[in-house]
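Residue numbers (my numbering), protein chains in the order written: chain A, 1 to 325; chain B, 1001 to 1228.
Since the hints were made in silico from the structure, they are not lab data. Glycine included, C-beta positions come from ideal geometry on N, C-alpha and C. Hints are supplied without guarantee of correctness; some may be wrong.
Said to hold, decoys possible - The following label-pair restraints were derived from C-beta to C-beta distances:
hint	chain 1	residue 1	chain 2	residue 2	range
1	B	ASN1065	A	LEU187	33 to 43 angstroms
2	B	GLY1215	A	GLY124	46 to 56 angstroms
3	A	VAL125	B	TYR1013	18 to 28 angstroms
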Amino acid sequence: MSERSFNALVLLGLIAFPLWALWADEPFLITLATRAVILAIAGVGLNIALGLGGLVSLGHAAFFGLGGYAMGILASHAQMYDPIMTAPILIEGTKSMPVIWLVAIVVSGLAALAIGALSLRTSGVYFIMITLAFGQMFYYFAISWPAYGGEDGLSIYVRNGFPGLNTLVPIQFYGLTFAILLIALALHWQIARSPFGLALNAARQSSVRAQTVGIAPFRLRLIAFTISGMITGLAGALFADLNRFVSPTMFSWQLSGEIIVFVIIGGVARLFGPVVGAIVFIMLEHVLGGLSDYWHIYLGALLLGIVLFARGGIIGLIAGRGGHG
Amino acid sequence: MSLLRVQNLSARYGVSQALFDISLDLAEGQVLALLGRNGMGKTTTIKAICRMIMAKGVIEFAGQNVLRLPSYKVARLGVGLVPEGRRCFAPLTVAENLTAAARPGPWDMAAVGALFPRLAERQGQIAGSLSGGEQQMLAIARALMTNPRLLILDEATEGLAPLVRGEIWDAIRILKRDSGLSILVVDKSLRELSDIADNAVIIQRGTSVWHGPMGAVDSGVREQYLGV
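Bound conformation, chain B alone (with noise of 0.2 angstroms):
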């Protein structure tokens, strides 16, 4: 059964409309790529999905329409957001960062500690005193604390050092196999997501124009929309 299924959504910032008919679907327990190339639409697709603005269209989220909801009642039904540029409450310190944020579940200060071992080592640490790479890994780590259904992650390796890089696959790589959490992912890193995602869609000037298997993502259509 579809976790996600968001059909003929259109959007508009301001008089410019952004979205044009985005349609996408995504199975429980599955990680889906959002690919295109930048300003076609994927962060503003995210920002529909979690309410962030306007849209016209259907998004169902597990059965329900989401569509009205304010966005806290899009992230307490199940929607976990990883937002572009991290975005940690800079002020607050790490733990009062997960703390915020936290709600009943298998997600807690000790598992997100887990994962990030990181974060464990600097829970008193202001969140704008952190790194790049550990404020990413705080913006994952914050997402899962809601205990979602859904994890979004919006360019969630973007300027990041090669190493540290590697650290927030490995994680995202531990959290399908482990959790089996549905992942939707946007990235720019096609050989990382080709081995995690398991189908993907491709945003062309704000249209969903291509949806298949990760595995199709062949030179061809790389070629045709993505211009790689």
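Pulled out of the complex, with its shape left as it was, chain A reads as follows (with noise of 0.2 angstroms):
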């Protein structure tokens, strides 16, 4: 099966799926669903840094995390009717979605372009380190920073509100959150073919290469860095709009470990594989989970299965090489 088709049947899936949960009268589902397309919107973030740039970042909760708090700070003010700072500028909550994810996207890329400005400098094993020790710095600042629950996290009554939508009802949260998925895949299709993603291609496969032909790949690698947590820091704000719930975790290694095993087990810089990844780690999460509160190792054969065979994740399985791997 080609590459393409079998997209257009992941894509097909992502429509009919909760349609029947709809049918059925499963609103679980469509929050199951509605939780597997958020993670696919932050691992489209991720594979945009990792997968066109080869970037590993260990480090995107950062943004995944920021992109949450922004959601929760903004929403926990407008519930209690307490300004964020009256001076010098009133600043108010709000608990209007346009404007908590254009607030998380500008955070998460403020914060993605000094995570880069620094991390990009080094490579390898040390970039790795480095942004995992930025997104840990972020974490216990979370966890020690009382205002906003500490520990404990945010807990926001009711899900914020997009103009002409009901967003309590699943199935219209989650065709907002498809809708997203569709710009960011959009998005990354654009950059990919685009003159800048193949330099950021080129100098991926040699930095050398690269800059004999003039390419500077700390600019297109910071841009691409950046790009990268503002789609994760977005898909953060989805996330904590879904469980009405924000927390430290959000800022976990954990989660940023999760994001990269989406990418790889879907297949890394292919355009649908962090979707697949996603769907298919909360299919296991389900399923498995169901079984045994231990299920992660089977995620963990799985990923080692992978690692081992099929380097091109389950994309690469299916649809062959092909692609810009």
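Relying on the hints, combine the two individually framed chains into one complex.
Spelled out as structure tokens, the structure:
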């Protein structure tokens, strides 16, 4: 099967499954699908850094968490009718998703720019470690910041609103996240084939060779890392809205690891890699998690199998080589 | 005016010194051949010019000191390298290889396609699946897409079939005749070089020992420095 038709099949599944769940009156399954879609968005974000740029970031939970806290802080102030600050200018909380998303994207983008500017001076294992360290900094900061719940996190009572939709209806919220996933995928697709994305790809293959044709790897990678962080941050805001709850676990390094796992299971640098990875992850969690608390063992075995025998991930297994692996 | 001026250049790989004292001068619009036996430092000299290895001495390109610039800035000033062993971006297609390197100027897809019709036919093919000769054409085309003022060809015809080799030489001749591009060329084929190169520099054990017009590379010089 070609990669393109497999991708189309995945999209079809993402449309048909929730509609079936709606018909079968299984709102929980719709919520489960929403979870998969949101995690897929986070993965699409990471895939721009990891897949296109070859940047193994073990700190993407920082952006996911920042997006989550952007939502949590804005919404908690709004539900308490308590402005975030009054001087020098009045900034109030909000329950409007578009505003929250914008804040999440800007904040995580700025963080990615700063973290990237420092981390991208290193490479390989050092890059992995320094991004991990930044992620952990945010984690411990969130734990020790009592104003926003500290270790207990923040609860939001009512899901934030989107003009024209009732976001508390599962299928409507699902539709919203699905639309954002499509936009994120379109962005990845555009970037991958743009001169910027091709130069990024070239720099991933060989930094030295890329430089001899005038490509400046650091700048390209910094831009890619920033875009990547912005998308993952947006996913964090959606994830927080799905659970109506934010806590420091959104910053945890396990979460960074899980996002990497989505990308690897699905297929690194494949457009739909993180989508397939997130779906498989949620399916395993739902099916195996019901059988045993230790379902991660099976996830580990799957991951091992893929890394050893199917370097292109599930998509590579089904669609073969090709693409820009 | 000289486009590239190298003086008293020395460089080392770790503890072993590879270049001791290289000097060369390339005027705008000229073709300079870099000659010498294997392991004498031709490729190392090129790597130093392209700032891929640290070096001491003087490297001036278009009047600017480039000794401390990062590699990509030298490329952007107008040094287009066709590296030894081709080194295309193998998983990318022909068109993608070219797009990744493209900078504005007269050399674009159409111009490069006219120089190498074979590449124009294979735009969508993955570079890694091209023949050696086609990969070499792609490497040259990629360097041209950066719209360089100086093209550096390091063993561009090495390991190719005679027919393909001929095609590459034809393209280099066209480049010299039509575009007036300055070229620094390293190659083993003296016969082909002698009708393309204006001047030559001979390198022996990391030192430039002879320079003069290509026509003056006679049998005596060849025997003394090149062993042919």
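Structure-based check of all given hints:
For ASN1065(B) and LEU187(A), the Cβ-Cβ distance of about 41 angstroms falls inside the hinted range of 33 to 43 angstroms, so the restraint holds. For the hinted restraint 46 to 56 angstroms between GLY1215(B) and GLY124(A), the CB-CB distance of approximately 51 angstroms keeps it satisfied. Against the hinted window of 18 to 28 angstroms, the Cβ-Cβ separation of VAL125(A) and TYR1013(B) comes to about 24 angstroms, which satisfies the hint.
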